[in-house]
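Student: Chain by chain, the residues run as shown.
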Amino acid sequence: MIRLEQTSGGAVAAAINAERHRLGSPTTGMVLTLLIIADEDTQSDATGAAAAVARQHPMRIITLIPRADARVSQLDAEISVGGDDGPGEVAVLRLRGELAEHGNSVAIPLLLPDTPVVAYWPGDAPAHPADDPIGRHSQRRITDAAGAQDPWEALRVLKRGYQPGDTDLAWARCTQWRSVLAAAFDAPLGDVRHVRVEGERNNPSVILLGAWLGQQFGATVETVWNDALGISSVSIDLADGLMSITRQDEKTACIVRPGRAEAQITLARRSLSALIAEELRRLDPDDMYGQVITTLEI
Amino acid sequence: MSNPLRSPLDQRLPRIAGPCGMVLFGVTGDLARKKVMPAIYDLANRGFLPPGFSLVGFARRDWADEDFAQIVHDSVREHARTPFREETWQQLCEGIRFVAGDLGDPAAYDELSRVVAELDEQRGTGGNHAFYLSIPPGLFPVVLEHLKTSGLAANTPDAWRRVVIEKPFGHDLKSAQELNALVGTVFDTGSVFRIDHYLGKETVQNILAVRFANEMFEPLWNSNYVDNVQITMAEDIGIGGRAGYYDGIGAARDVIQNHLLQLLALTAMEEPLTFAAAEVRAEKEKVLSAVRLPKDLAAHTARGQYAAGWQGGTPVVGYLQEEGIDPSSHTETFAAMRVDIDNRRWAGVPFYLRTGKRLGRRVTEVAVVFKRAPHLPFLAEAVQELGNNALVFRIQPDEGITVRFGSKVPDTSSIEVRDVTMDFQYGEAFTESSPEAYERLILDVLIGDPPLFPRHVEVELGWTILDPVLDYWAEQGQPDQYASGGWGPQVQYEMLARDGRAWRRP
Ligand SMILES: NC(=O)c1ccc[n+]([C@@H]2O[C@H](COP(=O)([O-])OP(=O)(O)OC[C@H]3O[C@@H](n4cnc5c(N)ncnc54)[C@H](OP(=O)(O)O)[C@@H]3O)[C@@H](O)[C@H]2O)c1
Chain A
1 MIRLEQTSGG
11 AVAAAINAER
21 HRLGSPTTGM
31 VLTLLIIADE
41 DTQSDATGAA
51 AAVARQHPMR
61 IITLIPRADA
71 RVSQLDAEIS
81 VGGDDGPGEV
91 AVLRLRGELA
101 EHGNSVAIPL
111 LLPDTPVVAY
121 WPGDAPAHPA
131 DDPIGRHSQR
141 RITDAAGAQD
151 PWEALRVLKR
161 GYQPGDTDLA
171 WARCTQWRSV
181 LAAAFDAPLG
191 DVRHVRVEGE
201 RNNPSVILLG
211 AWLGQQFGAT
221 VETVWNDALG
231 ISSVSIDLAD
241 GLMSITRQDE
251 KTACIVRPGR
261 AEAQITLARR
271 SLSALIAEEL
281 RRLDPDDMYG
291 QVITTLEI
Chain B
299 MSNPLRSPLD
309 QRLPRIAGPC
319 GMVLFGVTGD
329 LARKKVMPAI
339 YDLANRGFLP
349 PGFSLVGFAR
359 RDWADEDFAQ
369 IVHDSVREHA
379 RTPFREETWQ
389 QLCEGIRFVA
399 GDLGDPAAYD
409 ELSRVVAELD
419 EQRGTGGNHA
429 FYLSIPPGLF
439 PVVLEHLKTS
449 GLAANTPDAW
459 RRVVIEKPFG
469 HDLKSAQELN
479 ALVGTVFDTG
489 SVFRIDHYLG
499 KETVQNILAV
509 RFANEMFEPL
519 WNSNYVDNVQ
529 ITMAEDIGIG
539 GRAGYYDGIG
549 AARDVIQNHL
559 LQLLALTAME
569 EPLTFAAAEV
579 RAEKEKVLSA
589 VRLPKDLAAH
599 TARGQYAAGW
609 QGGTPVVGYL
619 QEEGIDPSSH
629 TETFAAMRVD
639 IDNRRWAGVP
649 FYLRTGKRLG
659 RRVTEVAVVF
669 KRAPHLPFLA
679 EAVQELGNNA
689 LVFRIQPDEG
699 ITVRFGSKVP
709 DTSSIEVRDV
719 TMDFQYGEAF
729 TESSPEAYER
739 LILDVLIGDP
749 PLFPRHVEVE
759 LGWTILDPVL
769 DYWAEQGQPD
779 QYASGGWGPQ
789 VQYEMLARDG
799 RAWRRP
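Residue numbers (our numbering), protein chains in the order written: chain A, 1 to 298; chain B, 299 to 804.
In case anyone wonders, no lab produced these hints; they're calculated from the structure.
Worth double-checking, as some hints may not be accurate.
Restraint ranges, calculated between C-beta atoms of paired labels, are given here [what the hints assert, rightly or not]:
no.	chain 1	residue 1	chain 2	residue 2	range
1	B	Phe515	A	Glu222	49 to 59 Å
2	A	Glu222	B	Pro381	52 to 62 Å
3	A	Gly259	B	Glu409	22 to 32 Å
4	B	Ser300	A	Arg67	44 to 54 Å
5	A	Arg201	B	Asp696	47 to 57 Å
6	B	Tyr791	A	Asp76	51 to 61 Å
7	B	Phe676	A	Gly48	44 to 54 Å
8	A	Gln6	B	Ala678	23 to 33 Å
9	B	Lys332	A	Ala70	54 to 64 Å
Beyond 10 Å from chain B on every Cβ pair, some chain A residues (computed) [as the list claims (entries may be wrong)]:
no.	residue
10	Ser80
11	His137
12	Ala172
13	Asp227
In this text, a Cβ means the ideal position worked out from N, Cα and C, and glycines have one as well.
Starting from the given sequences, assemble the full structure and let the hints guide the process.
Tutor: Now the structure itself:
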């Protein structure tokens, strides 16, 4: 790892290139730049998870940590290139003093030319990600309502500020649930009357999953809160009985359908890396998320 | 009724197979243990199999369900790509059944029908079953016949039955047509899935993406700029324990007829109207129909047999000394040939195909070699080291793309030009998210997605191309011997030298 103190965006870019040359691999096959805007509490998990994803999507990861607490403006950087954590380029930048307000100016010289930029806020996010100085460069803007202080308020803000290209990790955490539910309905199960989603109190994924099911089925949705982790079960009233999927442990769930024996299915809780990887697989707007978030009754 | 939870807006939901099961014939075989069963586990582990998925094994063994489950367990433990998870295994295990019997015994198929019906009842497989014939092709007729008479093969409007067959799809045109006719009497065309595992590889699919998504390559993709195309599949291994399969078949039937001609088709075909299976197939069939063999097969084909030698530091025996091989066998373990494509785009551009066992290293690639620049405004010495530009699709290992072009040598006072290569590799083949070809293909079978499976017309076109070469070789006696661990027999170099060209070292 290279540490640079009192440096600049241009100097960081030069240092990354120099490190590439030193390793003897001056050409790169990077497919995107990921900008992570984080605080000291969230930066390390987010950066580490993203670095692991670079195995799949070779990328440059720039983590910006605004530290308005200092009096003097100063940029400090930690750089690593193609290390054990993954083949990507990682720069963790601390923006002190007044510079904390101007992360954009530091990021610009570090964006890889002519490739997509993705912004990711693991904690509190701006009210209008697409209009944020950093969000403006980014064709995909990833927030995480579960990482916010107040998830309900976070969802309200996401709804108001939504622009195509915004997505949220709370939505990505629903994907596996959505996919086993969709698979269950591949065999026609008849009309849906009522949906019940049960899960962790205030967990935004529980809310989003319920909203999606309500919308797609045109059915009423009831939410039941508990102290579990994440989503714990979905039950759906059908004409000929109840179908339900209930999480049993970190990896499996149990599915019950009218007239069928109970069965076990894979429903693994996913790591942050897996969620980020899913986000980076497609960089066009997620229209289904757009529809769910903008019509959320909250 | 369409599924309200699936919407075209929703790009995030992975494809998961609907309710179904698989019946596997040949469970004790090499392919079943090393590829098929591990791939099924990996799919289950990644959550791509439906709840209640069931696997029925069929073999001439006196086993109970648990004994078969143990076989699957061992094969998964040894060969699966994703980590072993007890939970996934338990789920899979609940759906494992075994039917004991001889492939020719009608009673065994009655038992199989009963088990399948019971699974539909107990586990909700919905009458949807794929029959995977991982058995020697000589046994296909018996099995297909019984699947038909027992009613197991019958599709109904709301339940599908599919059959999966493995290469070789015949050993010449006639036998391939017979096989296709036979399969056709039992399953309709859309229910037959022929596995060419190369087509399940990401990089093979990438050939079409690179060609047709870009403006930069396609204008050069013709006889004005391309000098020749070299398609190589080299293996470092010998025949292993598969003497019975290999002897009498040989490299051309085993590899060129299917894999290399598929790679040729993808490299040379015209742009399909869309990427729908039927459109892509139409273009592949067109280009394969335009393939012509040279008149003088002696001058433009080459074959060989590996002799004893050292391979990467280990002494190895020659083909004729392998266990189970007739010491006077004429089967080739190396085959190379030139073909031409008679259409406007490719007239005059030779396509060189070669494959062999016990070569220098394991590599499969498609190299499009460009012409030299028409004029080089440099001193002759300055461009001495400059070769032809090339674009190479590396299919395996290190899947990726290499571009080779000339560039100035730094620190020379006059302009000196030499070849440099630029390399692109997207992602890595070792993460859990990068599936094996068999996973992709088995999932496609269960979903019923046909683009990656060759249809009988392509198979028959392959034999039409290859048959005259095989007939010619059959009269030529023993193939040349080549030392193991190198790049094959000398005749292949003479074959290209006649055309004024040379093989690239892969
Ligand atoms: N192995 C590969 O990598 C590979 C690659 C491409 C294509 N293929 C094709 O895939 C298929 C299977 O290949 P493989 O390598 O797995 O073959 P294998 O190892 O020879 O296995 C053949 C299977 O068929 C069964 N079998 C053979 N004769 C039988 C008979 N008379 N009655 C009942 N069962 C019989 C064997 O069961 P027993 O144990 O009872 O003999 C065994 O389970 C073949 O069509 C082959 O051409 C294989």
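Student: Can you let me know if the beta-carbon spacing of Gly259(A) and Glu409(B) is within 22 to 32 Å?
Tutor: 25 Å, holds
Student: At the C-beta level, are Lys332(B) and Ala70(A) separated by a distance inside 54 to 64 Å?
Tutor: 60 Å, holds
Student: Starting from the hint 44 to 54 Å, judge whether the C-beta atoms of Phe676(B) and Gly48(A) obey it.
Tutor: 50 Å, holds
Student: Given the hint of 47 to 57 Å, check if Arg201(A) and Asp696(B) actually sit that far apart at their C-beta atoms.
Tutor: 49 Å, holds
Student: Evaluate the given range 52 to 62 Å for the C-beta pair formed by Glu222(A) and Pro381(B).
Tutor: The hinted range 52 to 62 Å is violated for Glu222(A) and Pro381(B), with Cβ atoms some 38 Å apart.
Student: Mind checking the hinted window 44 to 54 Å against the Cβ distance between Ser300(B) and Arg67(A)?
Tutor: Roughly 53 Å apart at Cβ, these two residues keep to the hinted range, so it holds.
Student: Quick one: are Gln6(A) and Ala678(B) within 23 to 33 Å, going by C-beta?
Tutor: 54 Å, violated
Student: A cut-off of 10 Å on Cβ-Cβ distance, and His137(A) was said to be off the interface with chain B. Does that hold?
Tutor: Fine: 23 Å to the nearest Cβ keeps His137(A) off the interface.
Student: At the C-beta level, are Phe515(B) and Glu222(A) separated by a distance inside 49 to 59 Å?
Tutor: 56 Å, holds
Student: Is the nearest CB of chain B more than 10 Å from the CB of Ala172(A)?
Tutor: 8 Å, violated
Student: Looking only at beta-carbon atoms, does the pair Tyr791(B), Asp76(A) fall within the given range of 51 to 61 Å?
Tutor: Since the Cβ atoms of Tyr791(B) and Asp76(A) sit about 60 Å apart, the hinted range of 51 to 61 Å holds.
Student: Beyond 10 Å from every Cβ of chain B: is that where the Cβ of Ser80(A) lies?
Tutor: Its Cβ never comes within 10 Å of chain B, the nearest being 18 Å, so this holds.
Of the numbered hints listed earlier, those contradicted by the structure are 2, 8 and 12.
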